[in-house]
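**Student:** Generate the whole structure from the sequences, applying the supplied hints.
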Amino acid sequence: MVVNKHGSFYMRSGWGTKIIQAIEEDAMIFTPSSEQEAIDNIGLGRVMIRALRYWSNAMMLTHEEKEQGGIRLVPEPIYYSILHHDLYFQRQGSLLLMHRNLALNEENATAWYWLFNEWKQNTITKEAFVDGFHLFLSVNGMKVKKAAVEKEFNCLKNTYIGDSKFDKNSIMDEDTYPFLAPLQILKKNGKNAYEKRSLTGKEVPLEILIYAIAMDNVDDSSNGRQINIDKVMEEKRQIGKYFGMKYSKLLELLVEAENKKYINLNNNFGNRFIEFIDYDYAGLVDKYYVDKER
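For the sequence shown, my numbering puts the final residue at 299, and the numbers step up evenly by one.
Incorrect hints may appear among the rest.
To be verified - Distance condition first, Cα-Cα at most 25 Å in a straight line; then the derived SDA-like pairs of lysine to any residue:
id, residue 1, residue 2
1, Lys266, Val52
2, Lys292, Gly229
3, Lys241, Arg55
4, Lys207, Gly245
5, Lys131, Glu155
6, Lys266, Ala287
7, Lys148, Lys241
8, Lys254, Thr205
9, Lys297, Asn106
10, Lys265, Glu208
11, Lys297, Asn264
12, Lys148, Lys266
13, Lys10, Gly206
14, Lys266, Pro80
15, Lys148, Gly167
16, Lys254, Pro187
17, Lys156, Ile129
18, Lys265, Asn276
19, Lys71, Asp91
20, Lys241, Lys297
21, Lys148, Asp225
22, Lys251, Asp225
23, Lys125, Ile234
24, Lys156, Gln189
25, Lys251, Ile232
26, Lys265, Lys292
27, Lys292, Ile234
28, Lys156, Thr205
29, Lys207, Ser253
30, Lys207, Asn228
31, Lys236, Leu256
32, Lys236, Ile282
33, Lys193, Ile129
Calculated directly from the structure, the hints in this document are not laboratory data. As the structure is a computational prediction, the values presented were derived from the model and not from experiment.
**Tutor:** In structure tokens, the structure reads:
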């Protein structure tokens, strides 16, 4: 579990592109001993360079491997999909995948995991976040000051919510706009409260949804087993938590997925089940991009 490894620099629009371009040029660019070279090549300050390294791993674009010459950022499969199809993170699906990865990353994006999995209400204040997340860390053996938790809240909030004056189409510096603001999955609700908004069926591309469900239940999906839809809606590390979808909207998309032969839907004594079939679910991400490009 970690707190404040981002140096209080929230993930900004444009940074995902900078991360990928930097790694394509030199996968060891974020080695601490190469910091000045990274500053010169990427054009950001020292603390921001460290933040880029953090965000690359927190969003599971990469993982780190230590070598004799330093630290190598090794791309994950999603990295290559975005590199080839959406380098500028313009598609809804790309942002949803990055949000999902943060919400699932209890080890490296602990605050995101806590808010979208452990916190049960849809609304939260800064005070409730600080108290609740501080307790969660303490119970799990991590002692931090509440001031550090306040900084974590601010960074999380600023990753999703921009200043009311922000207009992505007109601001001069894209690097100040919150990376995940287009999703509107976290919104202001009054003066001091924030709301986790339920995504609609139109906001979640079908291929991204089925990919997420299959990867969240990879043992079942890779072995052709079935899972209860209630699990997908109610349990931690499932789309019902981090996408906050309504049951009726999810069911509509699952029917569409069955029609496209991605899954089967079964109804046993009133309980609905998703049955996985012999399908390359990992390939649905690239299918999403390729179908959009046609």
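**Student:** Between lysine 148 and glycine 167, is the straight-line Cα distance small enough, at 25 Å or below?
**Tutor:** 30 Å, violated
**Student:** Lysine 148 and lysine 241: Cα distance at most 25 Å?
**Tutor:** Cα-Cα ~24 Å, so holds.
**Student:** Against the 25 Å threshold, does the CA-CA distance of lysine 236 and isoleucine 282 hold or violate the hint?
**Tutor:** 18 Å, holds
**Student:** Is the straight-line distance between the alpha-carbon of lysine 266 and that of valine 52 25 Å or less?
**Tutor:** Violated, because 48 Å separates the two Cα atoms, which is more than 25 Å.
**Student:** Does alanine 287 sit within 25 Å of lysine 266, going by the straight-line distance between their CA atoms?
**Tutor:** Between lysine 266 and alanine 287 the Cα gap is close to 15 Å, so the pair holds against 25 Å.
**Student:** Assess, step by step, whether the Cα of lysine 241 is no farther than 25 Å from the Cα of arginine 55, and give holds or violated.
**Tutor:** 30 Å, violated
**Student:** Straight-line Cα separation of lysine 156 and isoleucine 129 no greater than 25 Å?
**Tutor:** 16 Å, holds
**Student:** Would the hint linking lysine 236 and leucine 256 be met if the CA-CA limit is 25 Å?
**Tutor:** Holds, at about 13 Å.
**Student:** Does aspartate 225 lie within 25 Å of lysine 148 when you go C-alpha to C-alpha?
**Tutor:** Violated, at about 37 Å.
**Student:** Decide if the proposed pair is consistent with the structure: lysine 254 and threonine 205, CA atoms, cutoff 25 Å inclusive.
**Tutor:** 7 Å, holds
**Student:** Between the alpha carbons of lysine 148 and lysine 266, is the straight-line distance 25 Å or under?
**Tutor:** Roughly 49 Å between the alpha carbons, so the hint for lysine 148 and lysine 266 is violated.
**Student:** Hinted pair, alpha-carbon criterion (25 Å max): lysine 265, lysine 292. Please report holds or violated.
**Tutor:** 13 Å, holds
The earlier numbered hints that this structure contradicts are 1, 3, 12, 13, 14, 15, 19, 20, 21, 28 and 30.
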